[in-house]
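J.: Work out the full structure, taking the sequences as your base and the hints as a guide.
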Amino acid sequence: MHGNLSPLPSPVRPSAPASASSSPGPEDENNEVAQLLWVLWRRRTLILLLTLIGTLAVAALVMRLPPSYQAEAVLLFQPPFAPVDPTTAAPSGAPDAELRDLASEIELIRSHSLLSRVVQDAGLLYAPAFNPVLGRTPGLLERLGLQAPPPPEALRLSRQRAATLATLRERLQVRPVGQARALSITVAAPAAEVAARVANAVADTYLARSAARARARRSAATAWLDRRVAKLRQRVQAAEAAVADFRIESGLAERGPDSAGAQDRVRALNRALTEARVAAAAARARVQQVTAQHASTGAGSPPGEGVSPTRVSTRPQGTSTGRLDQALESQLLQELRRAEAELAHQRAQLATSYGPRHPRLRAANAELLDLRIEIDREKDRLVAGLRQEAELARQRAADLQADLQQLHTEAGALGRAQVKLAQLEREAAAERALFDTFLARLKETRLAADPPGGKAELVTRAHPPAEPSAPNRPLLAGFGAVAAFALAVALALLREAVDRGVREPEQLERVSGLRVLGTLPRVPRAPARQVLAQPTGALAEALRALHTSVLLSDVDRPPRTLLITSALPGEGKTGLACALARVLARAGSRVLLIDADLRHPGVAATLGLPPGPGLAEVLARQCSARSAVRVDPDRALDGRLSVLPAGRAGDPGGLLDSQALGALIEAWSEAYDLVLIDSPPVLTVADPRSLATRVDKTVLAVRWSATPRTRVRRAVAVLRDSGVAPAGVALTLVNARHHARNAGVYGTGLTSRRGYYAGA
1 MHGNLSPLPS PVRPSAPASA SSSPGPEDEN NEVAQLLWVL WRRRTLILLL TLIGTLAVAA
61 LVMRLPPSYQ AEAVLLFQPP FAPVDPTTAA PSGAPDAELR DLASEIELIR SHSLLSRVVQ
121 DAGLLYAPAF NPVLGRTPGL LERLGLQAPP PPEALRLSRQ RAATLATLRE RLQVRPVGQA
181 RALSITVAAP AAEVAARVAN AVADTYLARS AARARARRSA ATAWLDRRVA KLRQRVQAAE
241 AAVADFRIES GLAERGPDSA GAQDRVRALN RALTEARVAA AAARARVQQV TAQHASTGAG
301 SPPGEGVSPT RVSTRPQGTS TGRLDQALES QLLQELRRAE AELAHQRAQL ATSYGPRHPR
361 LRAANAELLD LRIEIDREKD RLVAGLRQEA ELARQRAADL QADLQQLHTE AGALGRAQVK
421 LAQLEREAAA ERALFDTFLA RLKETRLAAD PPGGKAELVT RAHPPAEPSA PNRPLLAGFG
481 AVAAFALAVA LALLREAVDR GVREPEQLER VSGLRVLGTL PRVPRAPARQ VLAQPTGALA
541 EALRALHTSV LLSDVDRPPR TLLITSALPG EGKTGLACAL ARVLARAGSR VLLIDADLRH
601 PGVAATLGLP PGPGLAEVLA RQCSARSAVR VDPDRALDGR LSVLPAGRAG DPGGLLDSQA
661 LGALIEAWSE AYDLVLIDSP PVLTVADPRS LATRVDKTVL AVRWSATPRT RVRRAVAVLR
721 DSGVAPAGVA LTLVNARHHA RNAGVYGTGL TSRRGYYAGA
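Using UniProt numbering, the letters of the sequence shown map in sequence onto residues 1 to 760.
Each hint should be verified, as a subset may be incorrect.
Unchecked claim - Here are the in silico distance ranges between beta carbons for each label pair:
(1) R233 to S158: 51 to 57 angstroms
(2) R621 to S589: 26 to 32 angstroms
(3) G251 to A433: 24 to 30 angstroms
(4) R432 to G251: 36 to 42 angstroms
(5) A180 to P67: 27 to 33 angstroms
(6) S184 to L65: 23 to 29 angstroms
(7) S158 to W224: 38 to 44 angstroms
(8) V555 to L46: 40 to 46 angstroms
(9) L108 to A162: 18 to 24 angstroms
(10) S589 to A486: 53 to 59 angstroms
(11) S111 to A433: 31 to 37 angstroms
(12) E410 to A433: 14 to 20 angstroms
Note that these hints are calculated values from the structure, not bench results. Given the structure is predicted, the values throughout are model-derived calculations rather than measurements. Positions of the beta carbon are idealized from the N, C-alpha and C atoms, including for glycine.
T.: If you want it as structure tokens, here you go:
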């Protein structure tokens with residue numbers, strides 16, 4: 001029955017795993033990761049069990065999930081056309097603008113009005129997959145008649161339509177396709193055919209709505225362009241009329257194309273004026289020259305006067321007369337000069353032949369004088385002509401100057417008129433260009449096969465998928481297993497955090513700061529009886545190992561007195577003391593077991609001794625120590641175990657502090673091989689503090705998985721404050737099966753091999 005119980009393999013200190021293939025365990029007390037792995041390994045059964053249960057539960061739920069099929073239809077959008085208003089900038093085609101356009105189309109596809117039309121056209125109101133009211137099954141209370149079915153108002157068509165619309169919106173996904181101007185319309189449904197039909201219905205409804213909207217937009221654009229063209233036509237007519245009126249008002253219409261040559265005429269007048277001024281100056285110079293020369297040569301005698309031969313002969317015929325004749329430049333004058341020269345020559349010949357009063361000479365003189373008078377008259381006439389010519393030249397120059405001034409004035413007015421006319425013509429041309437642009441756009445809009453603003457094309461119709469898209473059962477099961485494992489680990493760590501007890505020797509060493517002297521398994525009967533029934537069993541071997549550890553704690557001075565205590569009541573210290581005493585007595589040692597727990601004595605009852613006086617009576621001097629000490633009646637002990645019960649103490653306070661107890665313990669240590677004292681708990685009363693100072697060694701019993709760690713630390717601190725250095729701690733009432741599973745982790749534990757111990 002108890003063959004699976006075994007003591008620690010080493011009585012001194014647990015050893016680490018021998019190889020890397022051993023179960024994981026902490027190698028360093030300060031290594032938090034190793035401690036975490038240690039806790040997880042110790043709780044591995046709980047973790048594996050919870051993980052298995054969680055995985056199976058998730059798998060069962062996943063298998064019950066209905067399949068979901070996704071069908072996809074793809075819409076391709078062409079770039080938008082130019083805007084209706086030609087003065088508006090065309091779309092830039094930037095990625096941000098395209099994304100905004102696609103986002104607008106997505107919202108349009110998911111709009112309430114469009115999806116309502118899909119619900120109506122596709123008959124989704126009568127499809128249980130989309131109408132949750134049709135797919136509703138009565139609950140258990142309704143089936144049992146304990147709950148009335150929903151009122152008729154809850155099943156009204158409007159509510160069903162709203163619920164169906166919400167379901168469709170939830171199962172509809174519209175998203176861009178990569179970098180293309182395309183949208184993917186995906187619908188999920190329990191049936192593949194239904195998913196494809198609804199996806200195509202959404203796409204067709206959108207295309208129909210888009211076509212109707214485009215037609216309406218084109219009609220509105222045409223009407224707007226008609227009104228705009230009519231207004232622009234009026235503006236063009238007004239602008240062109242303004243140009244024509246100004247041409248008439250400014251006189252540019254009569255001038256025709258020559259009006260643009262005013263500057264050429266100005267340049268011509270300037271040249272003519274310059275020439276006239278030069279001619280007038282030349283004429284004046286000739287008049288001045290002729291006048292001066294004529295004055296220097298003298299004028300002819302008046303007609304009828306006599307001509308003296310001397311005067312005729314002495315009149316100069318030199319350079320002055322020649323220069324004057326050259327200045328006059330008259331053919332008649334030249335002929336008269338030739339005649340004069342001939343007459344003068346004839347007279348000279350006559351003068352050589354005749355005297356001054358000779359008739360022929362006088363006749364020659366008279367003829368010469370007449371000729372010269374005629375010459376002077378011709379000169380006067382020519383000079384008068386030159387003066388008139390000079391005056392005409394001056395007057396021509398003045399007229400040209402006046403004409404030039406007038407032309408300058410007219411040219412300025414003409415220039416201003418031309419500038420104004422050019423401005424009016426530019427305005428008329430701009431109005432005409434704008435009118436032509438709008439007129440061309442109107443014709444394009446009327447003749448366009450596609451409406452402005454862009455178009456969409458259904459490039460991929462939805463087809464029933466061959467495989468469901470959801471649920472991904474292996475993936476969900478894997479996630480469930482991971483979640484179950486994480487939850488199991490969390491629960492294990494939570495349980496570890498809640499469990500404030502001590503379960504393993506190394507854990508107890510870290511908590512107490514003392515060596516673990518022994519690990520005592522929990523047995524089905526009282527430990528004192530178990531060691532007699534199975535003297536070579538697990539408990540007996542564990543007690544022998546504990547005693548050996550105590551002896552080895554001080555090899556030079558083996559302890560003769562040993563105190564067994566605990567932090568709190570109920571930790572198995574009395575059972576430990578009684579069982580250890582019987583094991584040592586059976587091994588041949590003479591042992592005295594003293595029950596020093598005067599408030600809650602238990603040694604006599606554990607060993608089956610009858611009531612009688614004990615330690616209390618001895619310390620109260622009511623009886624002798626010899627009469628109070630009893631012998632364990634078990635024959636296997638052969639009288640080697642003496643027992644001093646606690647006795648009956650009315651007021652135990654102060655009895656254990658007496659000097660008499662110290663003297664008795666010292667005397668008994670000489671008479672016995674070992675004096676074993678069962679002490680009260682350290683944190684309950686103050687008696688253990690004084691008792692611990694009177695013995696050689698003190699062992700603190702700690703109950704497995706029960707004693708709080710804080711109490712263990714406090715008990716050790718109390719003993720040390722009293723000047724006592726405990727020999728170590730003993731882990732009592734250990735669950736041997738649990739400890740055997742974790743033996744590989746901590747390097748010490750109870751083996752589960754049956755038959756290892758004799759009698760097991």
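J.: Does 23 to 29 angstroms hold as the CB distance between S184 and L65, or does it fail?
T.: 25 angstroms, holds
J.: Could you see if the CB distance from S111 to A433 stays within 31 to 37 angstroms?
T.: 42 angstroms Cβ-Cβ, so the 31 to 37 angstroms window is violated.
J.: Taking the CB of S158 and the CB of W224, does the distance hold inside 38 to 44 angstroms?
T.: Given range 38 to 44 angstroms: holds, Cβ gap about 39 angstroms.
J.: With respect to the beta-carbon atoms only, verify the hint that R233 and S158 lie 51 to 57 angstroms apart.
T.: 53 angstroms Cβ-Cβ, so the 51 to 57 angstroms window holds.
J.: Do A180 and P67 keep their Cβ atoms within the hinted range of 27 to 33 angstroms?
T.: Given about 30 angstroms between the Cβ atoms, the range holds.
J.: Kindly confirm whether 53 to 59 angstroms is satisfied by the beta carbon distance between S589 and A486.
T.: 55 angstroms, holds
J.: Has the hinted range 40 to 46 angstroms been met by the Cβ atoms of V555 and L46?
T.: For V555 and L46 the Cβ distance comes to about 43 angstroms; the hint holds.
J.: Looking only at beta-carbon atoms, does the pair E410, A433 fall within the given range of 14 to 20 angstroms?
T.: 33 angstroms, violated
J.: Between the beta carbons of R432 and G251, is the distance compatible with 36 to 42 angstroms?
T.: Violated, at about 25 angstroms.
J.: Confirm or reject the claim that G251 and A433 have a C-beta distance inside 24 to 30 angstroms.
T.: 29 angstroms, holds
J.: Could you check the hint for me, namely that R621 and S589 are 26 to 32 angstroms apart, CB to CB?
T.: 30 angstroms, holds
J.: Honestly, do L108 and A162 meet the 18 to 24 angstroms range at C-beta?
T.: Since the Cβ atoms of L108 and A162 sit about 20 angstroms apart, the hinted range of 18 to 24 angstroms holds.
Taken one by one, the earlier hints fail for this structure at numbers 4, 11 and 12, listed in ascending order.
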